Structure formats: C-alpha cells, structure tokens
Amino acid sequence: MSQLCTFEADGVLFGIAATEVQELARPQPITRVPLAHRAIAGLINLRGQIITAIDLRARLDMPRRAQGARAFHVVARAADGIVSLVVDAIGDVIEPPAELRDAVPATAPAALREVALAVYMLPDRLLFPLSLDRLVLLGDRS
Amino acid sequence: MSAADDDATHEFLVESYEHLDRIERELLGQAPSIDAIFRGLHTIKGTAGFFGYERIGDVAHAAESLLDKLRDGELAFSSPIASVLLDAVDALRLMLAVVEQRGHDDAGDHGVLLGALAGLQQQAVQPAPVVAAVAPVAAPASDTTIRVDVELLDELMDLAGELVLARNQLLQRAGSGGDALAQTAQRIDRITSELHDGVMRMRMQPIGGTWSKLPRIVRDLAGELGKQVRLELDGSDTGLDRSIIEAIRDPLTHVVRNAIDHGIEKPDARVRAGKPAEGVLRLRASHEGGHVMLEVSDDGAGIDPARVRAKALERGVVGVERAAQMTDAEVIELVFEPGFSTADTVTAISGRGVGMDVVKHNIQAIGGVVAIDSRCGAGTTMRIKLPLTLAIVPALIVDAAGDRYAIAQVGVRQLVRLDGRLEHIGGAPLYRLRGELLPLVYLDEALGGDARTGSTIVVLQTEGRAFGLVVDAVYDSEEIVVKPVGPRLRDVPTYAGATILGDGRIALILDVRGIAARAGIATTKRDKQPASAPPATPRERWLVVEVDANRRLAVAANRVTRIEPFDATAIELARGIEVVQYATKLLPLVRLGTDATHIVVCDHVGLVTGAIVDIFEAEPSEHGVAVIDGRVTDIFDVAELAA
Numbered sequence: 001m002s003q004l005c006t007f008e009a010d011g012v013l014f015g016i017a018a019t020e021v022q023e024l025a026r027p028q029p030i031t032r033v034p035l036a037h038r039a040i041a042g043l044i045n046l047r048g049q050i051i052t053a054i055d056l057r058a059r060l061d062m063p064r065r066a067q068g069a070r071a072f073h074v075v076a077r078a079a080d081g082i083v084s085l086v087v088d089a090i091g092d093v094i095e096p097p098a099e100l101r102d103a104v105p106a107t108a109p110a111a112l113r114e115v116a117l118a119v120y121m122l123p124d125r126l127l128f129p130l131s132l133d134r135l136v137l138l139g140d141r142s
Numbered sequence: 001m002s003a004a005d006d007d008a009t010h011e012f013l014v015e016s017y018e019h020l021d022r023i024e025r026e027l028l029g030q031a032p033s034i035d036a037i038f039r040g041l042h043t044i045k046g047t048a049g050f051f052g053y054e055r056i057g058d059v060a061h062a063a064e065s066l067l068d069k070l071r072d073g074e075l076a077f078s079s080p081i082a083s084v085l086l087d088a089v090d091a092l093r094l095m096l097a098v099v100e101q102r103g104h105d106d107a108g109d110h111g112v113l114l115g116a117l118a119g120l121q122q123q124a125v126q127p128a129p130v131v132a133a134v135a136p137v138a139a140p141a142s143d144t145t146i147r148v149d150v151e152l153l154d155e156l157m158d159l160a161g162e163l164v165l166a167r168n169q170l171l172q173r174a175g176s177g178g179d180a181l182a183q184t185a186q187r188i189d190r191i192t193s194e195l196h197d198g199v200m201r202m203r204m205q206p207i208g209g210t211w212s213k214l215p216r217i218v219r220d221l222a223g224e225l226g227k228q229v230r231l232e233l234d235g236s237d238t239g240l241d242r243s244i245i246e247a248i249r250d251p252l253t254h255v256v257r258n259a260i261d262h263g264i265e266k267p268d269a270r271v272r273a274g275k276p277a278e279g280v281l282r283l284r285a286s287h288e289g290g291h292v293m294l295e296v297s298d299d300g301a302g303i304d305p306a307r308v309r310a311k312a313l314e315r316g317v318v319g320v321e322r323a324a325q326m327t328d329a330e331v332i333e334l335v336f337e338p339g340f341s342t343a344d345t346v347t348a349i350s351g352r353g354v355g356m357d358v359v360k361h362n363i364q365a366i367g368g369v370v371a372i373d374s375r376c377g378a379g380t381t382m383r384i385k386l387p388l389t390l391a392i393v394p395a396l397i398v399d400a401a402g403d404r405y406a407i408a409q410v411g412v413r414q415l416v417r418l419d420g421r422l423e424h425i426g427g428a429p430l431y432r433l434r435g436e437l438l439p440l441v442y443l444d445e446a447l448g449g450d451a452r453t454g455s456t457i458v459v460l461q462t463e464g465r466a467f468g469l470v471v472d473a474v475y476d477s478e479e480i481v482v483k484p485v486g487p488r489l490r491d492v493p494t495y496a497g498a499t500i501l502g503d504g505r506i507a508l509i510l511d512v513r514g515i516a517a518r519a520g521i522a523t524t525k526r527d528k529q530p531a532s533a534p535p536a537t538p539r540e541r542w543l544v545v546e547v548d549a550n551r552r553l554a555v556a557a558n559r560v561t562r563i564e565p566f567d568a569t570a571i572e573l574a575r576g577i578e579v580v581q582y583a584t585k586l587l588p589l590v591r592l593g594t595d596a597t598h599i600v601v602c603d604h605v606g607l608v609t610g611a612i613v614d615i616f617e618a619e620p621s622e623h624g625v626a627v628i629d630g631r632v633t634d635i636f637d638v639a640e641l642a643a
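Just so you know, the protein sequences line up as chains G and F, in that order.
Position one of the first sequence corresponds to residue 1 (the numbering used here), numbered consecutively onward.
Position one of the second sequence corresponds to residue 1 (the numbering used here), numbered consecutively onward.
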C-alpha cells in the first residue's frame, strides 16, 4: 500500500488506498432509506448516479454525528460498485512510512478490528488504513 | 483467422440462423411457401460452400433437392416430408453451433438424415396441386432495415433515460412562464419525449419473436404425449421492449408446455367429453393502455378446484382452516404457490412442483401481473399483463414523514381521501370503500417509523389483493427512470429501485408486494374477484372428520374458525362441562366420538374429533346426511348445538 487518502470520524484518522478513491464530495442531500442496514446513511445523487452512502461512524459503532454537523463524502470504488463513505472531515493524501506500521491492537473495538488493515503510528496521532471491501460488507447488524 | 474472416463467419452464422428460423416457421405454418424454404436453403448451401463447410453444404443440398421435387410438383408436401425437413433444420443448426464454437462443421454423422431426404425423393407421387408456386411478393427487408448492435441500443436507452431526468429538472427550474427559457424548456420537453419514444420503439421487438419457437415445441410435445393440438397465434406483431421479451421467454414456454401437458386432453378423452379431438392452444397479445396483455388459453380439461384444494392440503400449501374459507377462484390461484403441482404422474415435461410459482415470480420480477382463470372441463386462460419497458415507468410521487417515494402507476387503482370511515379490528385499521373493507397500511409505519398519520389513501393492487397505503401527500405523476439500488440495499424488500426526481433529489421506488408482505396484508384479506364461473348448483363445502373407527361426520366448513391439536392435559372442568382455554376465553368441548386428536373450533364450541379427512364440496344435505367423497356421511349441525 502506498498512498492513502485520509479522513476523520469521531476524531480518529482513517485512510483507504488512494487508488480506490474516485472523488471527494462536499456535503450532499442524503435520501434516507428506512429499513436498511443501520450503517447506511442513505442515497446520494452524484451527477445523475445514485450512490449508496455508508456512514463511517455507524459502521464503526462510533457515537452519532451531532445534529447539523457537516459530513463529507469519500466516493470509492468497491469490488461490487461505487459507494460513498460519509466522514466528518477529509484529510490529505499521505504516504506513511512502512516502519511506522504495526498490527491493529487486540484491544481495539471489534468493529474497527474487523475493517482496519493495520495502524500507523504517525508522530502526532494514529492512522488506521481500512479495507474498503471489508468496510462495504455489511453484516446482519441492522 | 483474420478479423475480416471472423466478421464474415459471424455474418454467415447470423444469416444462416435467421434463414433456418424462417424455414422452420414456414414448415410449421398452414401453407408453407416451398419457394421461401428453397431460397433459404440455397443461400445457406451457397455460403457454406464458399467457406468450405462441406457437411453443412451436403445437408442443405440434400434438403434442397427434395424441395426441388416439391417445387416441380413431382412430390406433394406432407407431414413426413415436413418432419424430415425439420430434422434437417436441426442438423444444420447443430453444425452452425459447432462452427461458432470450433470453427469447423464436423458435427455428428448425418448419413441417416441424408438417406431419409434422398429416400423421400424416390417416392413416386402423382403431380400434386401447385402448393405455392407464387411466393407472396414482399419488398426485401434488407432495403429498409439495418442491423444495430444491441449494446448500442441499450446505451442509447440509458442516455434517453438520463435526458428524461435532466428534462424533468430543467422543467422545474424553468417554470411555466412565457419567457424564452421556459419556452425553450418546453421545446426540449417535447423533443425529449419524442426521442425517448423513438428509442423505445427502436428497442421494441414483435412478441412473435418469442413465439417463433412455439410451433415446434407444441408439435414435438403433442406428438410425444399423443395429443392433437392446434396452435393459434394472434397479435404476434405486438411490440415489446427487448428486456421484457427476454424476461418472458422462459415463463411463456413453461405456460405453453403446461397447457399441453396438463390442460389439453388426449383425443379419446376429448371426444368422450364432446369436444373435437384436436385441442386449441391460443396465444393472444395486444397493447392495452400502456401495457401489453398476453393471453394463453386452452380448451382443455381446466383446473378442478376440488383436486387443487385436496392437493394443497396434502402438500401443506394451505392449512385446513384456510382452505375452508377460500373460494374456487382463490383455490385455483394456489397453483402459483411454491411446491405445488397437481400432476398425478410426474412427466418429463412438467409436474415436478417447480413451475408455476417460478413463472409467477419471473413475471412479477419485471413488474408484470399474472392471473389464471379456469373452468373445469372447459379450459384454462392465463392472463399476463406486462409493462412496455422496464427502464421508464409512470409513477406516483408520494410523501410520508417528509420523505418522498415513488409508486409505479401500474399497481395504483385509485386515490381516496381518508375521512372518518375508519374501523379497527384487533388494532388493524380498515377503511370502508364502496362496501369493501380495505386493509390500511400507514407508509411511515410500514417503513419502521412510528407515525400513523396521513390524509390520502393510495389504493394498491397486488397479487389479487387490494390494500390502502396511507400517505401524507400525493404529488404529481412523473415519468421516472428506474435505477437499481445497489447491492447493499437489494435485500430490503420494500424497495424496487430508486429514481432521481425533477428537483435532483432521490426518491425510493416502493415495492408494493414487499410493503404488503411487511405489513402482513398478504394473508389477511383478499380482494373480491368475480368468480370465474358461477357453479351450476350451489354446493356447500364440508369439513369431514373421523370420530370413531371408520365413522365420519361432516361439519359445514364455513362455520369452522380454527383447528387445533387435542391436548388432554389442557382440559379443565367447569360446572361439569369439559372446557379448554382458548384466546383468554373458555371454550366448551363437545365430544363427537371416541377418537380425540383434534379440536375443531366452530362458533363458540370446540368439537373433539379424530383425524381430519379433508374438505369436500357436496350438494346441500337432506335429512342431515350427504354423499361426500362417495360415502354417505352424517352432517353435524353446529347451529342446532348452539340453539
């Protein structure tokens, strides 16, 4: 893995391979989908294309975003189609040095361990590279 | 092989297949045009020779020689000749398929076929009347048509869909004022509609395309089963979108096979029933108000509701209680239930218990509706209503709890304002609509919300049942472009897709069946349907039970509300009478005999019985007895007991 496109949710820094990212989008009107998996924020209209948005906070069992808080979209190409990850903020594209890479600690929350590939100990904070394909695989936890 | 060769071979294959299809149609038609068949074979022979496919050339040549004799009037066209020519068509198809896959035509030994073709030529026959000396003159289609890649058409269709969406947005922004922008927008509106129409028509194919294989299937199948079947096709030029044609091909074939296998009787049975020995299978297609109606009817034995009922009980498709409440029309619809088959013997053709449910499922999957109408002894008619296209559908846009949803117009029967006429039965809201009790579903509630609000009832029809969907508001009807919801939402049964509305926002398209199933409508109330045929004499339905060894009693089925297993430990004594607790009430028990395995709940009494035999139809009784299932059976009068 070389370059990571980074983003934040609940103060934690995450990243997915930059090659998987199609584009980044500003806050969008989201059409909610009742009865869908709880990690699904809804559907967005990206220039005529209907894309399922997955809320990263919900996906990782994090506290909900405050009412009215802005949310951004990381539009990415998963194996079975394009999805949007709803995040709090979008960071830089970085290439973390391999020597800072370590395994995800066993004490990390289960939802995070399920999707995180590793952890990078950046000088000032931690960065979790995520597996997009695992991220979009939603279990039965509706 | 060079690319040019490849293309040429491809062209040869496509053309040859088309010729063979046409030849087959001719051979199976009423008055085959020998000239047309000859020309087709001649072309195949010529092109095959050019490519060096000798075996194809040999078979085509032998068939052509036989046709030569027919053309010259030396031979008369006959059924054996048609059969051998059809065999030749099959052999040619097989070889073409081998060419397609392996690039050579070395497939099988055609010695027998060649022998048969040659043999028939030897038969001396008196000069026959000229069968088709003059082929109908029609302008060669090649002058006015071109071949277009299907992929390109699909792309065009997608683009037209996008354009419709953009047009909708443009219209909303431009408003309806008289300024230049609004006028241009209106022009674009008109052009878009016409363009979309044009692209749709381009993708339309006559339904006859899917029917072309049927004459052969019918002929082969009827021959195999020793039946005589005449196939009548009506409206084969009715146009349908490609996608739909594809989707109905298999279900249609299955329905036709079923009609021949189970519907049309053997000639002797038909004659005994006073019908002509030859059965008629009729397919009719027509456009009807933005839909295509497809009818498959036969004049066969029809479906016997009593047999279906018995079979459904035996297979556990319905419970005894439910079976007792169903009308004959409802019972016949049971053939669409999974795991149902009434064939007494499982044949190779159908009757394996897979089939009609799959047919129904496939038709519904493309937004179609299928209904069955059958008269015992007189035949069965299957009516299939199909949308013209899958891509763009007229839809009603509604609002529930601030969210907008689209409902395909095909399922919408009417809109009704929700006023005071609400009733509740066990917490379930019902609405009186012209003497019919309409179960209501609050959309927001059905979608997991908690609001039972709404001002408008959208009366929907699904699987023969009607129900009212209560929404907060109904907006316009809009032409929507159906888009898939993606893999992560595909499992949510309440949506059929999504669309982008005029203002750019997304609306989910409701799956009416999914909503009904989720709200539990599917099993509560059936819509009133006109009975398929009024029975000649009023017959009553009886639940027959065993009470002692070999002694049977019949109870009027319409009085039975429930059947439960008998549990001796649950019996209590109240003032000397045996009772069981049933739905918080005490139910007095009446023992009908010594057997005690079931409790049949009638009115407010529980009848203790032995085995449940079945439900039968019989003439109303006299003197408390009826002949049921060939046995004289005592009638147990529940009303008398209550009195």
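Source of the hints: derived by calculation from the structure; they are not laboratory data.
Given the structure is predicted, the values throughout are model-derived calculations rather than measurements.
Glycine included, C-beta positions come from ideal geometry on N, C-alpha and C.
Please note: incorrect hints may appear among the correct ones.
Said to hold, decoys possible - Partial list, derived from the structure: chain G residues whose beta carbon lies under 7 Å from chain F:
(1) Thr31
(2) Gly48
(3) Thr52
(4) Ala79
(5) Asp80
(6) Gly81
(7) Leu100
(8) Leu138
Evaluated hints:
Taken as an interface hint, threonine 31 of chain G checks out: its beta carbon lies about 4 Å from the nearest beta carbon of chain F, inside 7 Å. Against a cut-off of 7 Å between C-beta atoms, the interface hint on glycine 48 of chain G holds, since the closest Cβ of chain F lies about 6 Å away. Contact between threonine 52 of chain G and chain F, as hinted, is supported at the beta carbon level, the nearest pair being about 5 Å apart and thus within 7 Å. With 7 Å as the threshold, the beta carbon of alanine 79 of chain G stays out of range of chain F, its nearest partner Cβ sitting at about 10 Å, so the hint is violated.
At its closest, the beta carbon of aspartate 80 of chain G sits 5 Å from a beta carbon of chain F; the interface hint therefore holds under the 7 Å criterion. Interface restraint check: glycine 81 of chain G against chain F, minimum CB-CB distance 6 Å, threshold 7 Å, status holds. For leucine 100 of chain G, the interface hint is violated, since its Cβ never comes within 7 Å of a Cβ in chain F; the closest pair sits about 33 Å apart. Hint status for leucine 138 of chain G relative to chain F: holds, with the closest Cβ pair at about 6 Å, below 7 Å.
Checked against the numbered hints listed earlier, the structure breaks hints 4 and 7; every other hint is satisfied.
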